[in-house]
Amino acid sequence: MISLLLDILSGILIIAGSVFIVIGAVGLVRMPDLYTRMHAASVIDTLGAGLLISGLMLQAGFTLVTLKLFFIFALFFFTGPVATHALAQAALGEDIKPQLDEDRRDRLDRSQTAPADGGA
Amino acid sequence: MFTAATIAILVALALVVVRATRGPTVFDRVLASNSVGTLAILLLAVVGFLNGRPEWLDIGLTYGLLNVISTLAVLKFFRHGDLAYDDEEERSS
Chain R
0 MISLLLDILS
10 GILIIAGSVF
20 IVIGAVGLVR
30 MPDLYTRMHA
40 ASVIDTLGAG
50 LLISGLMLQA
60 GFTLVTLKLF
70 FIFALFFFTG
80 PVATHALAQA
90 ALGEDIKPQL
100 DEDRRDRLDR
110 SQTAPADGGA
Chain A
0 MFTAATIAIL
10 VALALVVVRA
20 TRGPTVFDRV
30 LASNSVGTLA
40 ILLLAVVGFL
50 NGRPEWLDIG
60 LTYGLLNVIS
70 TLAVLKFFRH
80 GDLAYDDEEE
90 RSS
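Taken in order, these protein sequences are the chains called R and A.
Residue 2 in numbering that gives the first Met the number 0 sits at position 3 of the first sequence, and the numbers go up by one each step.
Residue 55 in numbering that gives the first Met the number 0 sits at position 56 of the second sequence, and the numbers go up by one each step.
Keep in mind that the hints were calculated from the coordinates and are not lab data.
Computed from a predicted model, the values in this text were never measured in an experiment.
Take these hints with a grain of salt, some might be off.
[Stated by the list, open to error] Using C-beta positions, here's what the derived DEER-type ranges look like:
no., chain 1, residue 1, chain 2, residue 2, range
1, R, I11, A, S69, 50 to 56 Å
2, A, K75, R, I11, 46 to 52 Å
3, R, H38, A, S91, 52 to 58 Å
4, A, A83, R, L91, 22 to 28 Å
5, R, F70, A, V25, 16 to 22 Å
6, A, D57, R, L91, 45 to 51 Å
[To be verified] Some residues of chain R that are not near chain A, with every Cβ distance over 12 Å (derived):
no., residue
7, L4
8, L99
9, D100
10, E101
Glycine included, each C-beta is placed from N, C-alpha and C at the ideal position.
Throw the hints in and build the complete structure from the sequences for me.
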């Protein structure tokens, strides 16, 4: 009974992780610029890998394999943000600008100067 | 279930390789190669379970460590043009 329940639960987690992995990969191809692509790739690193590894942990039971899976998860948890941060910093250093729908700095300038124009 | 996960990971790998070959800047390629490393580790884990040999997770751990080092090394090379670049040394000289 309990093993059937664990099987179902781990199946749900593994399928959910697979879905998130495919979503992240599709986003990596379809997104318009580098920074949004990094956002899509982080879905693979966090939700996809996290759910998939949780499902495998439930499947493995309380053994050394679970500990190894936990180590892999911890590796993703700590190194994923570091690599993403280094990538964003290097890209900004090379003058790659994020694609903006509208430049909000212009709007800020206009709203500051508009009352002065209206008063005059 | 493991088969479905394996197929999903392989599909994702194909899509990520598309980005790696097409990527306009070098950073897109670095991002894609980082994702390829992540997906390779997950593929190792899932295929290990599929074959009933979870010992392959050790190889996955090694791949993970190599993946981080390679990403950071490539980024450092493209930022400074030199792997031996030292910020402290540069400032004092």
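Numbered hints the structure breaks, given as an ascending list: 1, 2, 3, 5 and 6
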